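A.B. asks: Got chain A; can you put chain B on it based on the hints?
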Amino acid sequence: MKAKASMILWCFPEGICTQYRRAAAFPQGSSIPAAAGWARSLPGSILARLAPHVAEPRPCRFLRGGAGPSPDSGAMAGRNPGTELELGWISKVYVNRPAVVRHAEQIKKWKTVKGNWQAAWLLKAVTCIDLTTLSGDDTPSNVQRLCFKAKHPIREDLLKALDMHDKGITVGAVCVYPARVCDAVNTLKAAGCNIPVASVAAGFPSGQTPLETKLAEIRLAVEYGAREIDIVISRSLVLTGQWEDLYEEIRLCRAACGEAHMKTILATGELGSLANVYKASMIAMMAGSDFIKTSTGKEVENATFPVGIVMMRAIKEYYWQTGYKVGFKPAGGIRTAKEAITWLMLVKEELGVEWLTPELFRLGASSLLGDIEQQIFYHVTGTYALQHELAMA
Amino acid sequence: MAALAALRAPPVPKIFATMEEGPVPGGINPGEAWLESHGRSLGHFVDGTWLKPPGRTSLECQEASTGRTVAVVPAGDSSDVAVAVAAAAAAAEAWAGLGGPQRGQRLTRLAATLEGDSRGTMGALLALAGGRPLCRTLGADLDLGLRLLQAPAGGAQLGPPGLEGWTPVGVVAVVLGGPCSLPALLWKLGPLLAMGNTALVLSPPAAALPLLLLGELGGEGAALPPGVLNILAGPPGLCQALRAHPEVTSVTFLGAPQEELQAVVWGSPCQGPRLGGPRGGRVVVVVLDSADLDSAAAAIAATAAAPPALFPGGGCVVLAQDAVLAALERRLRARLGGLRVGDPLDPRTEVGPLGPGTPPPEEVVQEAREEGAQVFQAPLPPLPEGGHRFYPPTLISGVAPTSRCLREPAPGPLLVLLPVRGPTEAVAVASALPQTAAAAVWAQDITVALDTADRLPQGLVWLNSLDLLDPSGGCAGGAADTDLDEALREFGCPPWEQPPKADEPLSPAVTVDDPGDPELAQAVAAARGAAPRWGRLPGASRARVLRGAAAALAGGHGTPKDGDSGDTDGSLQRALLRWAARVERAGGAVQEVPGGRALVTRRPLGVLGVAWGWPRPLALQLLLLPALALGNAVVVVAPPGGGGAAQRLRKALVAAGLPGGALTVISGNSRGSGSRLARQHPDGLWICGGDADCEWASAVSVPRVWGVPVGVLGGPGQDHPPGAEQELELRCTRPHCLWLPGGGP
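Residue numbers (our numbering), protein chains in the order written: chain A, 1 to 393; chain B, 1001 to 1745.
Extracted from the complex, chain B is given alone in its bound form:
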């Protein structure tokens, strides 16, 4: 192959005149070599070995840039799923019993394998199948992927704090919609395996190759015992077989077209497995008048060319302050024009083909043109056959927020440039954009930069940089995204979790009218108004309100009226003082990460809906307290018994200074109130009792849904069990990370 390239090379004088760069042959592509070593016909990787069921039709795996078939995999069916689940279930006990330190070592060994000789193979396969340029898959992606594997491995080694007594959930199914980056995959697999679960990854043929390699590497050097990581290739419909399988305890999603997959699984009420959310979205870049425009333009163009590994396919929106709009646009055009589009396996390529199954964003661009937008498209160089899979780097400017290119994320190397008048307007526009995963602020003026970054709603904000990611600094940007701590918890069973029971009847059994939608809408609107005022208060100020309420309760002399045993007010006071102390002490961390420092903090969710269906009123008070203490505004739907207790808490808190809208108690039945709350689009939804199945199904649009385990609140008259306060704290907040690049050697 190299010899062939040399034959085709133009003579030196010609190159001397044009100064073109030519291909980088680099010998035989290690990805192709690996495929060749398997005869280009792979199987499923199950139970530590290749599973090639006889007589099965085969599916073709194609190269992203040309559509050439590079290998075949068997079309998996439900019998394969059964075999794989059985293997995973059989391995589960031994893997869980291995203990954290041992598991940590095994995962570290896997990372070492990946970092060593297999590095090139993995990078090449990811570029081959997914179309992401080699300079990413072999560079930043792989580095981040390794960190994402090592961080949970280290966690398992030490025993992550606050996870004492947690147990694995069992067999976790990871369902891929399409090709995904290595970090996105390891972001799930790392915590999953570290917690002691075994995994079953279901992949369409387009994404299967790198996964099968990962499975094989897991077996190499005895990194992972057989059956811990199983890879199945098959058509997307295969995940239906998972739904009914009793041994699959959790399902989580990855890769580009997730909606259809979720519909397949969520289509009917979910029978037990816990469902993990998707990730993705676009990046908003705010460029203010004190920005280093050249560096900003270079970074933005690089992000448009290949989006950050964990937020694929969302595109990039640039909000430029009027004063620098023209200068930035000129630089962006020059940079986009200079991007090298071509074969993703060339290390110099910056823009690869569109991912398999991703339609070209032609319609969106055409619509923008018709709306009068200026569309700049870099010319495409001559491309190999199958070049229709490439899309030129594109800059759309002069559109309004009503335009389709802003309303929905468009995949591909697409930039949308919007003018803003200043930092305040930039924050407003960035907050109103749908489906944003992360934001960046470019400004050298430190005061303006920090102030703007602080007010942006995205959970991940880069200062004067783009595309820095690290598990300890935060990889979470979107409202539903989690940090490493939460990722570990996603795949573990807390000691207080109890198997779901049939609904306990409320005592006394009364039927009340369900709250109407207008009533709920009004309450949520009030909460929206109160949330920023309350949530942005410093912890000390919120603690003062809680202490005030505690003092007021001590002065009053209410006697417990309802069925709760023990002294209600005493427990409530204790809880108020405890949370006041916790909130006061709450802070963040400064993480030293590659490229600089990250300020890692937690922010309140915003508006939290609570659907209450349990009989213990004190428990409701104990549940509401952390939510309020950590800065959320809460709307509770509870039957009269619980409602009364919540009202009492509200009275005490409002008297002490809580904004009125921050806690609204609405009387209603437990059954179905979660669904009604979900329709109001709160930022989080807690379901306590009630008919959980249909609540889950309707809560898809809410970023953070939690089925509150009754044990987290402790028994009657008791405080929270150990570790539960931390769990509540995490559930009440979402991660926020501000990257401050600089420093270093």
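Isolated chain A, as found in the complex:
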């Protein structure tokens, strides 16, 4: 137990270890403990499954959670390195569903923005969108179209009217299946723009594939040029309460991601309870996720406000405990500008205004952008656009 809970990260030849040592938050010399004892400490099953993948395991030990930048110091936290597995943080988790639902309803009902404020908030939402296409019939052509829309999410003349044309308004990222990463990366490179490509991986959407293939999928996606990886967790580990195994699995995924930022999809619609959502969020953050994300978009129940509130409360608690800010990404079923505003409002309410940046907040959506552009068109011109007046994604 104790050994499993130790704070260890596999370092692959691509090496995130060196990178982290450069980060201010990670002092020199605290890494590279003796590898031998560590390797024995891994559960046999995982070790056996990993054997083909681990060429040269170089373990590197991270700081204990408590030693991160203190929440009060205001220091820029950098990437969340994760912590040791602290089962104590999830041993006493209680979530009262009716209270959370009521809280969500209040915010949804009363918190709105109008006028110029609405336009600005919608543009902020645009910069936080992970513009997504995750279909069986994705081809280079529609991915290409998506990439151009990502670069020009709002018509130039509308941005000019709002004096926002020189602010580099693009979406946060383009999100595709691993097989389409190359298409997206090439298109964006050709278009000369620096929007990151995010790839779902790790057996998306069900997560019901062997760990080896999950890790291989992640490494390939990174190799293809994805700078962000949206992994899915094994819901079975949550539902059966195998938190140690879940921690190890996400840890390994994080290591496989290397420099790419990792968003961990909890698939909250399949976790059974809000308490499980909270616990899974905590484990995912301890294991080093840069973002936690609600859903794949393929579950029956997707991003709901109560689920979002619970995840954000976990993020806040993790921040209080470690000083690291973890991002939040609701995804699935977000279609209207009004919903997007409510999500921004919820984030501001629960986490604070500093979370309202693409570095810490993303909206996973495909059709949302169209509605936002429509609303901005209305704000600028006073009338709604005809279908042909706005470019399709």
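Hint data in this document are derived by calculation from the structure and do not stem from the laboratory.
It should be emphasised that the depicted structure is a prediction, and the values quoted were computed from it without experimental measurement.
Every residue, glycine too, gets a C-beta built ideally from N, C-alpha and C.
A portion of the hints provided could be inaccurate.
[Said to hold, decoys possible] Have a look at the derived ranges for each label pair, beta carbon to beta carbon:
1) B:GLU1362 with A:SER91: 37 to 47 Å
2) A:TRP320 with B:GLY1529: 41 to 51 Å
3) B:GLY1588 with A:SER91: 35 to 45 Å
4) A:GLU359 with B:GLN1366: 35 to 45 Å
5) A:TRP320 with B:GLY1422: 34 to 44 Å
6) B:PRO1013 with A:CYS193: 54 to 64 Å
7) A:SER91 with B:LEU1383: 42 to 52 Å
8) A:LEU239 with B:PRO1013: 44 to 54 Å
[Unchecked claim] Pairs of lysine to aspartate or glutamate, EDC-like flavour, derived with a Cα cap of 16 Å:
9) A:LYS92 with B:ASP1289
10) A:LYS114 with B:GLU1020
11) A:LYS92 with B:ASP1445
12) A:LYS109 with B:ASP1143
C.D. replies: Positioned in the frame of chain A, the structure of chain B alone reads:
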């Protein structure tokens, strides 16, 4: 106005950088539009029309947040009161004669008017005048207000059970001390009108605007006939004119500073009108170690920002178990810091200004600081002119129960956080806090939560929630508060009520020494000790004691000695068996209410004082029986005749298992014994005969005082008249409601 707001709006890039929220213009404020349509100069609303007496000085109605004068109303005087009372009295007969179903329909129509187009106007006026944020006045408050109007309307429609033969009391005066929420107002007006009374509402200018709108809406669509609802604006001293008015049969109070108003009316012995009690107090929140701390903190902060509509201005006390104290405090600070303070007319505002006439709680906070407490105050955002009326959300921690912030409720967005070691201590501390109106328990552990909630003394307990209210689930929390059934009865005359007569002389006429205060104190203390032991017994156990006493009486062979006709023991036995059956069957109800379910039950009052002054000993026995059967401990002061009968009952009951302290009989004169009992602070006081006027005056501090009508006990040798048992049952108990949120679609 909207165009102006657009002009002042900062450019989009700036907002994009700061992500501020900006104002919500929402067009022209409907409240202002309504005032404008009346030229910002209103009158009294009397007899279905505007009454603008010529040559009267006018009073200014101010906006709560800025102090800006938004309208003027005439300063009412006694001639206006006379006109309004005459109008109300003239309308009374027709309104009462309309019949319940018709009245119910009219009230439903009023509710529909309020729910429709006027919703925005009413919400805006309440926010404008009272400073309560729009998200409350337009949201939860209005929904609750409508329910409070519809519930008695439905009652009138069906004919409330147990109220057959009840008649209206006539003209009821509602005296407002200051702005009050819509639910608080309708909580009085709904039952009052449903029972067939006509109303005269006296309001200071600060609270008058929403009321005048309500009066006007009552006339619209022919919801209420002219004269049924009359609104008078005027200075607080105006209510003196009511006291002497012979046609006002009942006076009831509302709004914040009630004490002075009550002093005005109660200052001299009250000549007839029945007096309704005030409502209010603070909310105690118990947070145990299995609580969802984030949700608890969010709910507590919302309650601190705007207290539940029916319990305004009392503040909020949080009792947190040691294990979660630090975690909860951190969350509370974060939540309080995130509350939006500002213009109450912005739908996003969570904390409005202090109500008009409410002093800032600065002194209380300063005193706490000097005592070494930690005081956290959220920073106030830049506020419009007149911003001194705002007070920042404040959290006081590290104080002892001796501190002033716990001894007296402080208005404003004020939270006091106290550590407790466990549920038992939480119950003890919550019981010792003065002036509490409701309580909440936050714990996910169902056993601990239910056990703690059950032992709290407050009449309204929320489980894992705050601020859920509904007339069918219970709106009563404080010791003096009533549920809907009682609210209807408050404004009705029972068929057995008889006009107060001159004191009948006791037979035989003997003078005994009055009981000394020490003797009464001892008896009340004994009763306090016995009350929980007896009152917490299940009904079946108490019924067994009553049956035992009945059997013992059947075995004995006492012959009636005093003047009562008929066989005394036979009547008493019958009554014992009847109450035993009633108590055994007594239970509660599960009400389906918005937000979940409510367990509605009735609890014994605790210690009940009875001042007996009538000549019939059997009647005293019949009166004591329900009080004891329903779990109260009773202290009776009675002259020797009645005392003997009570002693006899006591002997039989104690032999059957009643705790000794639960019934104490003290010999004394009828005159003045009520006042002496009142000084011992019982939980309820019944006055039977005696010099009722001075008893009423001195009984202000007792939460539940009842001048027992002689008819409720039935004639000599008779049983209770129909409906009287239910009345007695309600008088012996107080409402208790436990909210269990959850479920629903």
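A.B. asks: Hint by hint, where does the structure go against what was stated? Just the numbers, ascending.
C.D. replies: Hints 5, 6 contradicted; others consistent.
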